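Okay, here's what each chain looks like letter by letter:
Protein chains: 2
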Amino acid sequence: MKNLFDVIKLDSDGLIAAIIQHSETGQVLMLGYMNEESLQITLDEKIACFWSRSRQELWRKGETSGNTLKVEEVRCDCDQDALVLQCVPAGPTCHTNETSCFYRTVDAKADLALAGDGVAPE
Amino acid sequence: MKNLFDVIKLDSDGLIAAIIQHSETGQVLMLGYMNEESLQITLDEKIACFWSRSRQELWRKGETSGNTLKVEEVRCDCDQDALVLQCVPAGPTCHTNETSCFYRTVDAKADLALAGDGVAPE
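Chains as they are written, first to last, in our numbering: chain Z, 1 to 122; chain C, 1001 to 1122.
In short, the hints are calculated from the structure, not lab data. Values in this document were obtained by computation on a predicted structure and should not be read as measured data. Among the hints, erroneous ones may be present.
[As the list claims (entries may be wrong)] Only pairs whose alpha carbons sit at most 30 Å apart, straight line, appear in this in silico DSS-like list of lysine-lysine:
no. : chain 1 : residue 1 : chain 2 : residue 2
1   : Z       : Lys70     : C       : Lys1109
2   : C       : Lys1002   : Z       : Lys9
3   : C       : Lys1046   : Z       : Lys109
4   : C       : Lys1070   : Z       : Lys109
5   : C       : Lys1009   : Z       : Lys9
6   : Z       : Lys70     : C       : Lys1009
7   : Z       : Lys70     : Z       : Lys9
8   : Z       : Lys2      : C       : Lys1002
9   : Z       : Lys46     : C       : Lys1109
10  : C       : Lys1009   : Z       : Lys109
11  : C       : Lys1046   : C       : Lys1070
12  : Z       : Lys109    : C       : Lys1002
13  : Z       : Lys70     : C       : Lys1002
[What the hints assert, rightly or not] A few chain C residues that face chain Z, going by a derived Cβ cut-off under 8 Å, partial list only:
no. : residue
14  : Val1106
15  : Leu1114
16  : Ala1115
17  : Gly1116
No residue lacks a Cβ here, since even glycine has one placed at the ideal position from N, Cα and C.
Bound conformation, chain Z alone (with noise of 0.2 Å):
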């Protein structure tokens, strides 16, 4: 039995994606990063919780707005580089108060415009 800590492959700065996908529908709510510590923090508490790249400190989603990832199921890819996390988010993930960070569609000519299923401010 191999332990993600022993074959886990970091970048440049430490860090590992964390894809958050909700467990119930499916969608894709954010893609965030993680450092040992807070991937240690999420496997023992069971809520997500990552690094701020842009705070360069450790970020317990949630913690203020209240917006909490409950950690259902962790998997790791292939080259132990990424992570997929199953969660039952307590309300919307994105700042914006979107159910998903990923509310926007980008066409063929790269234009962004407002997905179907975006949602109004909770």
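We have chain Z already, so just place chain C on it with the hints.
Same frame as chain Z, but now just chain C:
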């Protein structure tokens, strides 16, 4: 109307993360990276093209294996540093012949195990 190329936030290697999701099943298949050229090719041809970080070259996925990813929809996140592509895969996405690269679970002790939906090589 904003154009993605005017607002895209590329990392220090000039890349953006691209999450590939099966457009029918919702399964997350892989995480790849695109530079502007491979993103433009993807938007033009509707077949996913990446930048291979290991080989440092354009990677037209499926060019040799035939396991292309037909792109149905592209979405962009709130800060324009990640994409989700809804795709129809022509075959297994992972080089291991698994449907998805995320075929292993990570438990609370960070031990890796094959997920129940792992498939036999085709």
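Checklist line | Hint numbers not upheld by this structure, sorted from lowest to highest | finding: 2, 8, 13, 15, 17
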